[in-house]
Amino acid sequence: MRPSGVFDERYEDDIAVVRTGAHWVILFVGLAFLSIVPLISTAHLLATINHIGIAIIACHGLSILTGYTGQISIGQAAFMAVGAYTTGMLAAHAGWPFWATIPVSGLSAGAVGMVFGLPSLRVKGFYLALATLAAQFIIPWLIDHVRVDITGGVFSLEVPPPEILGVILNTQPKMFYLIMTTAVIMTFLAKNIARSGVGRAFIAIRDNDLAAEVMGVNPYRYKLLSFFVCSFFAGVAGALWAYWMRAINANHFTLMESVWYLGMIITGGMGSTAGAVFGAIYVKLLDELAQVMAPLIGMIFPTGGTGVELALQPIFFALGILLFIIFEPRGIAHRWEVFKAYYRLWPFSD
Amino acid sequence: MFSPIMLKLSAQFFLNGLMVGGIYALIAVGVVVVFRSTKIFNFAVGDMLMVGGFITFMFIDIGIPPLAAIVLAVGAGALLGLIIERIALRPMIGQPVLAAVMVTLAISYLLKGITLLIWGGHPKTFPRFLPGHVFRAGGVVWSHELLWTFGVTMFLFGLFALFYKYSRFGLDMRATAEDHQLAQTRGISVKGIFALTWALAGVTAVVGGVFLGLKLSLNLPLADVGLKAFAAVMFGGLESILGALIGGLIIGVLENMIGGLIDPSLKEITPYIILLLVLVFRTEGLFGLKRIERI
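First to last, the sequence lines map onto chains A and B. Residue numbers for the first sequence follow the working numbering, beginning at 1 and rising by one. Residue numbers for the second sequence follow the working numbering, beginning at 351 and rising by one.
Take these hints with a grain of salt, some might be off.
As the list claims (entries may be wrong) - Here are the computed distance ranges between Cβ atoms for each label pair: (1) Glu163/A - Leu627/B: 56 to 66 Å; (2) Leu27/A - Thr475/B: 28 to 38 Å; (3) Glu528/B - Leu323/A: 25 to 35 Å; (4) Met256/A - Ala511/B: 30 to 40 Å; (5) Lys358/B - Ile168/A: 37 to 47 Å.
Stated by the list, open to error - Among chain A residues calculated to face chain B with C-beta under 7 Å, some are: (6) Leu107; (7) Val123; (8) Val217; (9) Ile266; (10) Ile332.
Read the hints as simulated data drawn from the structure, not as lab findings. The structure displayed is predicted, hence computed values, not measured ones. Here a beta-carbon is modelled for each residue, glycine too, at the ideal position from N, C-alpha and C.
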């Protein structure tokens, strides 16, 4: 649904992301607001926002693979681990600056992702989910057991903080700017991949791979490309994670994390760039809610002892996902579209 | 390499692997039965097994004799399967495969959370209630617990095979696996069969959970051990119950022999490497049907 009075007279208008003057105003006010967030938020909130920023990047990748190309992956966290360790090793042992390690992490994770995407040439559906499940166990094992002299093995690998023009980014507010800048760039990238020829090829494969092949889309090439893009995003997210946590361990990248990202894109809305953002925020907020509720529930179940918030987190996550899949499978992004159509037609809507 | 000590070690690891493989086979059968009837792959099987172990532990803990506790827990497991099917998976009929995958994953985290809430995060140890003791025969050590495990799982396997092949419900289940619509027109309640298969999955999960809990300790990581059964499922062929048995035994043997003879740390990922190799080179497994979703 286009805003009233907007006519796409040229091709550039038709494909534009930002269409009207009001859009430009919203965009710049939004970015300006984002840039003052560290000044007005508390330390805990800022840490949450940073985590959401990293999750958004990982979700964009998964959204391209699962939402647009239709290939299920439950190994996103493992590919993040590849990116995190690439950054960790390059920064800690070789002293590379962050603007070099982040793209290289994306490329290395992309390469590993393509290897685990190879089964996608023969299988799809949950067969592929099983292949990525194997990645989820094999990659952390490799980190823990191969060349432990450079990965740190089961001990954490210390990562030096990133440095830009003499400023060392070693606090949450400073990291916020690095994470958010990257998240905005990656969101833009994801949006553009999705609406380019490549993105349309992905969608064609998702909707019907046979028909796509007949139309001249090479499914093998595009599936591997999709795995590469997905893992590239995961690698970038992992690199930021390494700089953010400053000490990385294979235990950070568990099956739970991978399922978390999958849950994010499902609640957000599959096959939608905005959906990845909504989903990341929604699931992270569920997490926060679990932490707030933990003392209350702890009074009811005192036997749980110290682990109440640990127990509530998966419960809230699971219920949040189940309710969405059963009652609104199209996710938050669909609700958002409905809302937009409503206010654009107002007062004549419905 | 072929020194007597190596041969002895190999025999020992082979034996242990075979016995543990029995548990994998039993869990795998739960996955296969659910998949055949409902076309849903149960990613929550590891957590169902963990919960089953904990329920048994709870019954034993409050003073019920172990054997009665296991029988009660098996009933509870069937109930758990029924609840999961009715609440979460019934609405998934006709939905895309990703939704069903995600629902089972969500259930797995729900069960993890509930387990943490009720029993906490500390490992629990089962009391040693199985009669007998460890003995030596033929140069290898036989653990009575593993023997019990193997014996009971094989007995259940045989029981299940008879049920599946000759009983009325078994016939209905096979008909449903063949074709939902045809089964429906012949008067079979397809929904009822779905519920029955999930109840069976709950039962196998409880038995697997008890024996795995006896071998390892009762803790959250037990759920990840249950995931190894996926390798058994794929290796044997997704549609085949005999395949689940053979796949489970082979995965158990390979895991223990590679872990024992090459590198102990490799043991943990051997099933996943096998899983990946099967998916790349022989998707249908040993006895699976060829008509799986090829591209």
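Right, here's what the structure says about each hint:
1. Glu163/A - Leu627/B: 56 to 66 Å: 44 Å, violated
2. Leu27/A - Thr475/B: 28 to 38 Å: Because 59 Å falls outside the window, the suggested range is violated.
3. Glu528/B - Leu323/A: 25 to 35 Å: Holds, at about 34 Å.
4. Met256/A - Ala511/B: 30 to 40 Å: 36 Å, holds
5. Lys358/B - Ile168/A: 37 to 47 Å: Since Lys358/B and Ile168/A have Cβ atoms about 60 Å apart, the given range 37 to 47 Å is violated.
6. Leu107: 23 Å, violated
7. Val123: 5 Å, holds
8. Val217: At 13 Å from the nearest chain B Cβ, Val217/A fails the 7 Å test, so the hint is violated.
9. Ile266: 6 Å, holds
10. Ile332: 15 Å, violated
Consistency with the previously given hints fails for numbers 1, 2, 5, 6, 8, 10, ordered from lowest to highest.
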